[in-house]
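> If you want the building blocks of each chain, they are given just below.
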Amino acid sequence: MYDEVGPSEMIVHLGPQHPMLPGPFRLNAKLRGETVVDSEVEMGWIHKGIEKILENKTYLQGITIVDRICYLAALTNEEAYVGCVEKLAGIEVPERAQYIRVIMEELSRIQSHLLGMGEYASFVGFVSMFMYTIKEREDLMSVIDSVTGARITHSFLRFGGVKDDLPEGFKEDVKYVFGNLRKAIDNYEELFSTDSIYKARTVGIGTLTAEVAKDIGVSGPPLRATGVAFDIRKDEPYLVYKDLDFKVCTQTAGDVFARVQVRLDEMRESMYIVEQCLDQIPSGPIFPEGTAYGRRSPVMRIPAGEVFHRVEDPRGEMGFYMVSDGSDKPYRVKIRGPVYPTLQALPPLLKGVPVADIVAIAGSMDTCTSEVDR
Amino acid sequence: MAEVEPVSTNNKDDMQEEIPGVMTTSTSAISDFLKKTKAQDIINWGRKNSLWFTVNAMGCCGVELLSTGMAHYDTDRFGIIPRNSPRHADVLIISGYVTKKYFPALKRIWDQMPAPKWVIAYGDCAISGGPFYESYSTRQNVDEVFPVDIYVPGCPPRCEALIQAFYELQKKIVAKKDKGTDY
Amino acid sequence: MDAKAMIDSLSSQFTGVIYDAQVESDIRILAKVKPESVKDICQYLKEKLSFGHLCCEFGVDYPERNEIEVVYVIGSYEHPVVLTLKAILPRDDPEVESVVPVYWNANWYERETYELFGVKYLDHPDLRPLVLPQDMLGEWPLRKDYKGFPNKTARNLV
Ligand code: SF4
Numbered sequence: 001m002y003d004e005v006g007p008s009e010m011i012v013h014l015g016p017q018h019p020m021l022p023g024p025f026r027l028n029a030k031l032r033g034e035t036v037v038d039s040e041v042e043m044g045w046i047h048k049g050i051e052k053i054l055e056n057k058t059y060l061q062g063i064t065i066v067d068r069i070c071y072l073a074a075l076t077n078e079e080a081y082v083g084c085v086e087k088l089a090g091i092e093v094p095e096r097a098q099y100i101r102v103i104m105e106e107l108s109r110i111q112s113h114l115l116g117m118g119e120y121a122s123f124v125g126f127v128s129m130f131m132y133t134i135k136e137r138e139d140l141m142s143v144i145d146s147v148t149g150a151r152i153t154h155s156f157l158r159f160g161g162v163k164d165d166l167p168e169g170f171k172e173d174v175k176y177v178f179g180n181l182r183k184a185i186d187n188y189e190e191l192f193s194t195d196s197i198y199k200a201r202t203v204g205i206g207t208l209t210a211e212v213a214k215d216i217g218v219s220g221p222p223l224r225a226t227g228v229a230f231d232i233r234k235d236e237p238y239l240v241y242k243d244l245d246f247k248v249c250t251q252t253a254g255d256v257f258a259r260v261q262v263r264l265d266e267m268r269e270s271m272y273i274v275e276q277c278l279d280q281i282p283s284g285p286i287f288p289e290g291t292a293y294g295r296r297s298p299v300m301r302i303p304a305g306e307v308f309h310r311v312e313d314p315r316g317e318m319g320f321y322m323v324s325d326g327s328d329k330p331y332r333v334k335i336r337g338p339v340y341p342t343l344q345a346l347p348p349l350l351k352g353v354p355v356a357d358i359v360a361i362a363g364s365m366d367t368c369t370s371e372v373d374r
Numbered sequence: 001m002a003e004v005e006p007v008s009t010n011n012k013d014d015m016q017e018e019i020p021g022v023m024t025t026s027t028s029a030i031s032d033f034l035k036k037t038k039a040q041d042i043i044n045w046g047r048k049n050s051l052w053f054t055v056n057a058m059g060c061c062g063v064e065l066l067s068t069g070m071a072h073y074d075t076d077r078f079g080i081i082p083r084n085s086p087r088h089a090d091v092l093i094i095s096g097y098v099t100k101k102y103f104p105a106l107k108r109i110w111d112q113m114p115a116p117k118w119v120i121a122y123g124d125c126a127i128s129g130g131p132f133y134e135s136y137s138t139r140q141n142v143d144e145v146f147p148v149d150i151y152v153p154g155c156p157p158r159c160e161a162l163i164q165a166f167y168e169l170q171k172k173i174v175a176k177k178d179k180g181t182d183y
Numbered sequence: 001m002d003a004k005a006m007i008d009s010l011s012s013q014f015t016g017v018i019y020d021a022q023v024e025s026d027i028r029i030l031a032k033v034k035p036e037s038v039k040d041i042c043q044y045l046k047e048k049l050s051f052g053h054l055c056c057e058f059g060v061d062y063p064e065r066n067e068i069e070v071v072y073v074i075g076s077y078e079h080p081v082v083l084t085l086k087a088i089l090p091r092d093d094p095e096v097e098s099v100v101p102v103y104w105n106a107n108w109y110e111r112e113t114y115e116l117f118g119v120k121y122l123d124h125p126d127l128r129p130l131v132l133p134q135d136m137l138g139e140w141p142l143r144k145d146y147k148g149f150p151n152k153t154a155r156n157l158v
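Protein chains in written order, with the working numbering: chain F, 1 to 374; chain Y, 1 to 183; chain R, 1 to 158.
One should not assume that every hint holds.
In silico DSSO-like cross-links for lysine-lysine, where the CA-CA straight-line distance does not exceed 27 Å [unchecked claim]:
#: 1; chain 1: F; residue 1: Lys57; chain 2: R; residue 2: Lys46
#: 2; chain 1: R; residue 1: Lys34; chain 2: R; residue 2: Lys144
#: 3; chain 1: Y; residue 1: Lys100; chain 2: F; residue 2: Lys57
#: 4; chain 1: F; residue 1: Lys234; chain 2: R; residue 2: Lys46
#: 5; chain 1: R; residue 1: Lys144; chain 2: F; residue 2: Lys214
Since the hints were made in silico from the structure, they are not lab data.
These figures come from a predicted structure and were not determined experimentally.
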């Protein structure tokens, strides 16, 4: 990219600290006039070496570390990690614990979408929209907080169960918050679909076709916005998702507008899932009885083996590949984050767009840099 | 090339000799003088009530940083406003993991901020490396480089903790104990 | 086509190249490949068996066996089967063909494996370090015998 910079071209570096980037990464864009002719993403500004750290922690300690892979989807990261260990050790999760996990993960999906959407809206110029979404998110955070005891890094899941049961009055709290949230989401949708300036900036911008998206390896809302109904919750059901009634939200346009619309629909769908769970949740233990693995045993040996377990993150397919050698620490953990391919898709998408659209496209991808860097 | 004699400027003794009977002064002399008077108290009062901070969300703590500046916690009440450009900001909040690769960029952000400026180390990562203290890519002991005034422990600390950090910083500024200005 | 049929089709197409093929469950299959034919197999998987989605690609270091395994986890958008392919390389001089021409998103995975494990990818379009600063190249931090972990200063702190 740097080799042939023509006479009327220049290279603009966006980042690593840039208000319009959702985390520290750097986008080097080669411009000719107002048009991006080539671009390149530089990564690794917050590479933490989590994979190496996990190899040196016991399984239980690992839960706190995987929380910090992606700060908006801590619970789904835990689900993927804990699911790996459960598969390797053959631990059965009691039904109540499975329901609690689904509830918490869906709640955290909603809060992630709210923040991602608000951030994106402020990128395209709706700064006050960010305020609205954060306001709803705070209500939701306090509901999550009342169960897990933390706002962002929960360390809530355990092998075979969850840390705590749902508190008294949880159902009413959720009902109350969802009442407000439904109205709020309707408002956002109305705002998005009626504002002509917003539409001019998003409809038909950054279009990803289904073939290209599949080829690039994108998953999650950016893929579903192109019309491919790929969702791990349906294709490879984990927990109790196969007993629940929900649909995979898709759009066909594949542009910025469609991606945001998918997120709005998904929030509604998640609320529906949570409500079903709250109605169906059986009573019972939240930890398996009669297994070799105690509730909080700090040292547990896992049988040797290899497993790949994947779950549906707010941003797409989150997978863990775990190699165990029979000791109390994993031999190797590979984290496959959903944003890794999504961020890679930026340079081809940005080819030929005006500079002002860079942030709209990058924001609509809802990237989480922390997870790409790990 | 011939050696250039250093030209001494702003040297009080020289100047007084040059213009007899006239007392000249320099900007630093004025500020040195002001620091001893009530005027500095007034300046500090102004400074403490407009602590604008940079938004550079670097990690999980960065999300809490965003929420703090937004609707619910609303730090605008205290004159604490999130600014996107470091050139507008007074407070650098190190909000997350400082890696070997990011460290030069952070240093640059710090250099771009106009004085007077303060640093808040927000979260365990910024203080000591946090959960990643042993990692091969983490840069430890950032407080050797940045003059950190307030440390906020927690992983992540809550938004209220950040507001309290600002409150403590204000108290430090009023008491003239902060590291941002030399008294 | 179920998992069993897929692995049969694969091993009959590439006899001698695919070995140790296993069906772990209905949706997980496992096979080992000779490193020199990784690209051809990926091509076949993508075109004939609709394995169009590279989940991830990474290395695992085994110092006792003096081997580095490069693992490809390949899924699909059409069916839920996930295939794990393993290519075993010598630890002293790990070299394998790049699969970027087949799976476009392998680009970053390979760059990362290169800088963390030192696996050389032949014919990779742009083999540069991705996440580490340039001066850490050659330390291969994710190998098991890496000396810089835990971090030295941290030990003084604790
Ligand atoms: S202190 Fe904890 S929450 Fe904050 S950035 Fe570090 S790991 Fe994340």
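> All hints, please: hold or fail.
Hints, one by one, checked against the model:
1. F:Lys57 x R:Lys46: Roughly 37 Å between the alpha carbons, so the hint for F:Lys57 and R:Lys46 is violated.
2. R:Lys34 x R:Lys144: holds (24 Å)
3. Y:Lys100 x F:Lys57: Since the Cα atoms of Y:Lys100 and F:Lys57 sit roughly 22 Å apart, the hinted pair holds (cutoff 27 Å).
4. F:Lys234 x R:Lys46: holds (22 Å)
5. R:Lys144 x F:Lys214: Violated, because 35 Å separates the two Cα atoms, which is more than 27 Å.
Going down the numbered hints, you'll see the structure goes against 1 and 5, while the others check out.
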